[in-house]
Amino acid sequence: MFTNLTKLDLLDKKCMSDAGSPKLCMKALPGEGAERSCAYDGARVVLMPITDVAHLVHGPIACAGNSWDNRGARSSGSQLFRRGLTTDIMENDVVYGGETKLKESILEIALRHTPKAIFVYATCVSSVIGDDVNKVCEEAEKELTIPVIPVNCPGFLGDKNIGNRIAGEVLFDRVIGTAEGSDEKIPLSINLIGEYNIAGDIWGVIPDLQNLGITLLTAITGDAKFEDLRSAHRASLNVLICSKSLTNLVRKMEIKYGIPFMEGSFYGIHDTSETLINIAKALKDPDLLERTLVYVQKREDETRKTIAGYKALLENKQAILFTGGVKTWSMVSTLAELGINILAGGTQNSTPEDFQRMKELMDPSAQIIEDTSSAGFLKIIAEKKPDLIVAGGKTKYLAHKTRTPFLDINHGRKLPYAGYQGMIQFAETLTRTVLSPVWGLLKQDFPPKEDEQA
Amino acid sequence: MENCTKATTAWLNTVEYKELNFAREKLVINPAKACQPLGALLCALGVEGCLPFTHGSQGCTAYFRSTLSRHFREPVASVSDSMTEDSAVFGGQTNLIDGLKNAHALYKPKVIAVYTSCMAEVIGDDIKAYLGNAKQADAIPKDLPVALANTPSFKGSHITGYDSMLKGLIECLATPRQADKINDRMYVVPGFDTYTANLREYKRILKLMKVPFTLLPDNSDVFDAPNLGTYQLYPGGTPLTEMNDALNAAKFLFLQTFSSPTTSKYLSGLDVPVETLAMPIGIAGMDKFIESVAKFTGADVPEEITFERGLAIDAMTDSHPYIHGKKFALFGDPDLLIGLVTFLLEMGGLPVHIVCTNSTPTFKKAMASLLASSPYGQEATLYANKDLWHLRSLLVTEPVDMLLGDSHGKWAARDANIPLVRIGFPITDRVNLHRSPIIGYTGVINLITMITNTFLDEVDRNSTEAHFEMMR
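These protein sequence lines map, in sequence, to chains A and B. The numbering used here puts the first sequence at residues 1 to 454. The numbering used here puts the second sequence at residues 455 to 926.
Hints were generated in silico from the structure; no laboratory data involved. Please note that a few of the clues may not be correct.
[What the hints assert, rightly or not] Computed cross-link-like contacts, SDA-like style, restricted to lysine to any residue with a CA-CA straight-line distance of at most 25 Å:
(1) 135/A <-> 869/B
(2) 298/A <-> 178/A
(3) 472/B <-> 396/A
(4) 664/B <-> 675/B
(5) 317/A <-> 684/B
(6) 142/A <-> 609/B
(7) 864/B <-> 778/B
(8) 780/B <-> 684/B
(9) 480/B <-> 132/A
(10) 562/B <-> 134/A
(11) 256/A <-> 317/A
(12) 379/A <-> 690/B
(13) 719/B <-> 402/A
(14) 609/B <-> 317/A
(15) 864/B <-> 595/B
(16) 135/A <-> 503/B
(17) 864/B <-> 78/A
(18) 480/B <-> 69/A
(19) 864/B <-> 256/A
(20) 396/A <-> 503/B
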């Protein structure tokens with residue numbers, strides 16, 4: 001939905017109350033729109049990609065019915081995570097409580113679906129009716145041989161970011177560091193935090209890590225296996241890829257397990273190289289660093305050569321960029337790599353640092369989109385008349401109505417864009433998007449104006 | 455404790471597991487239903503200038519919007535009043551009042567349709583009283599119509615929410631019925647229908663039959679809006695003048711049975727003549743619709759209609775060998791299932807497994823009598839209130855030739871190695887299916903095309919060289 005709050009003088013102090021979150025992340029006002037999802041969704045985003053566990057939603061049909069298998073996280077092994085498991089809370093449960101139903105559901109799943117663990121998501125309704133999800137999980141766990149992990153993330157807690165954080169806490173408290181055996185650090189090993197393997201992103205990065213001799217212990221949580229997550233504390237380095245909301249997780253892992261962390265991005269040639277080099281530096285292995293410097297140069301050259309044809313086609317196109325998190329700044333350099341100018345950039349769900357970084361990378365003449373709502377978005381499209389829009393799926397069909405080529409770079413996309421390999425895919429897809437003949441057709445007046453007929 | 459190691463994928467395909475699966479009572483796996491407010495939203499978008507407004511948590515609305523947007527590939531306008539933890543404690547009145555104020559100021563709707571999500575219902579928010587207070591406090595103009603519906607998702611499903619919102623909209627917008635002001639219009643209610651082409655087909659047929667009509671609600675131009683270069687927030691819907699006069703209707707014709715019982719009962723109670731037909735899928739279903747309209751107008755059925763009916767029957771004769779005797783599994787909403795089974799029986803197709811997550815006792819009866827009416831219905835079992843995981847067990851233990859249902863069925867179909875023909879909601883992995891009608895005589899042709907050609911694609915893909923040929 002679109003809105004223009006600045007004009008309405010609705011920006012009172014109340015809307016700034018989402019503790020710790022910057023203005024860019026501020027809470028939605030009642031009636032302003034429905035761009036934001038909820039804490040529950042935020043927790044699902046982080047935990048759902050764990051492949052070999054069961055994700056049980058203790059809520060009415062809405063929460064699971066509308067969200068089972070709704071993101072493009074991919075698995076190389078178990079597909080159990082896709083199963084839409086819910087207690088489907090009904091009126092009787094609202095009246096009498098849903099704890100018995102929940103416990104029976106947990107036991108049924110453990111018995112018949114062989115999960116490595118069960119994550120149990122509380123929702124608005126289960127919380128308001130007072131079901132003690134923690135207690136039920138604890139009781140069920142006693143009867144089982146697998147962990148049953150409550151995730152207390154009712155949607156009413158607030159925005160998606162809060163749910164991301166809760167999920168991070170859950171992983172830290174209940175999963176990471178629980179593996180039996182050695183706790184020793186594994187040399188040259190890393191975790192990728194906030195990488196969810198959307199469209200198989202991670203598979204475009206792993207070959208490069210392998211070629212350099214870096215071991216990916218696990219992503220948190222793209223294509224993750226539960227056992228690997230339990231040993232995540234053995235990594236030598238945490239690389240925070242997306243979602244600053246998991247900063248709490250990496251900080252805690254640093255304190256408890258002594259794992260240093262760094263930020264990085266695998267979007268675009270420049271950022272991929274920089275991240276690989278920074279990983280090598282952070283792992284403090286001179287030999288690795290040397291190899292990496294040579295390797296990234298080679299990969300950069302190869303990739304640039306491959307995308308040269310696309311670049312020629314995209315050069316000097318004018319774009320509007322609207323995204324969140326790490327992609328905010330990472331996409332700026334990715335688009336620049338293809339010779340695309342950014343007319344305006346905006347962000348949602350990003351931290352001030354992300355935002356600042358984006359601002360610094362953009363041409364000073366580029367406009368910062370202050371009104372990040374759909375109204376602001378439509379207004380800026382009308383003003384700037386960009387050749388393309390790069391943004392998340394929610395604005396896709398709005399953009400299409402303005403006859404502007406659009407590329408979805410969030411979780412609705414179908415193709416992987418991470419790493420050097422992803423850059424080639426990105427360039428290819430963007431070219432097909434921008435140069436599609438349909439845009440030309442849309443721009444023709446019909447019936448033709450008289451002077452054009454002649 | 456039972457031996458857990460047995461629970462392998464292969465074991466999930468056994469009859470032994472099927473029995474255990476059907477003994478499952480509490481847990482739901484892969485549900486084939488959405489929630490009440492989603493249906494309410496779909497209904498509200500079918501009224502001119504109407505802004506759908508969720509009173510509840512914001513995440514719910516984000517889900518509805520993304521589900522609908524992925525199905526129709528259109529922007530979906532709606533707002534939420536973003537209830538949070540403190541609203542759960544103190545009630546959602548402040549959110550509702552602020553929300554109405556902001557929404558009205560920002561989006562200038564002609565009508566706001568307020569429906570509730572679970573949280574508001576559990577804490578017992580009195581939206582009617584809150585609305586009164588909102589107007590009292592001048593948060594919105596006193597004459598701004600605001601329709602209300604209670605739509606907790608822990609009761610019923612999306613079709614229940616559609617029904618409640620429809621009643622709420624009529625209650626809010628229509629002036630009382632007056633004996634001397636009865637109009638000449640037939641108000642036609644399509645029901646929870648996610649085929650914009652179905653709605654357009656209804657309108658086309660009704661125009662052909664020269665009947666004064668109002669399609670209520672009509673979201674066809676909202677969910678299938680032309681690309682004219684600018685985004686329209688309110689691209690269409692049932693005109694408000696016709697909404698105002700709804701209770702003075704000469705007649706209300708409901709084209710689904712299970713998605714509107716509350717509204718039809720409400721209208722009957724106000725002495726509005728009401729007729730309810732099954733969703734007109736298949737020849738017999740469409741015949742009843744045409745006959746009903748012809749009876750209303752008192753005119754003969756136009757030749758064009760007879761011509762189109764002839765085309766459909768001709769298509770049936772051309773392709774009967776491809777469907778006659780084939781076994782089908784189906785899942786979906788009650789009205790859609792009645793329609794599809796009607797069609798299959800007409801073609802000699804054998805419905806075998808019918809799964810309905812949002813079944814009701816009246817639906818069970820209606821389906822039983824439909825199946826009993828045909829020799830081709832004898833192999834069928836209706837699995838009421840079961841989910842797609844039950845369906846999976848059925849498909850792998852008692853195989854059929856094809857599955858009919860929405861995109862959620864693709865996992866079960868893949869596990870059973872049978873084709874899925876996508877009919878229903880949501881369809882998020884194919885394009886344009888909502889742009890071809892499945893109702894009416896044209897719908898008969900379209901269904902035949904989809905089903906038959908899918909079978910034939912399978913034949914070609916799997917055929918040995920010896921049997922690969924031009925003619926099928």
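Among the hints numbered above, which are violated by the structure, and what are their numbers in rising order? Structure breaks hints 1, 2, 3, 6, 8, 10, 11, 13, 14, 15, 16 and 19.
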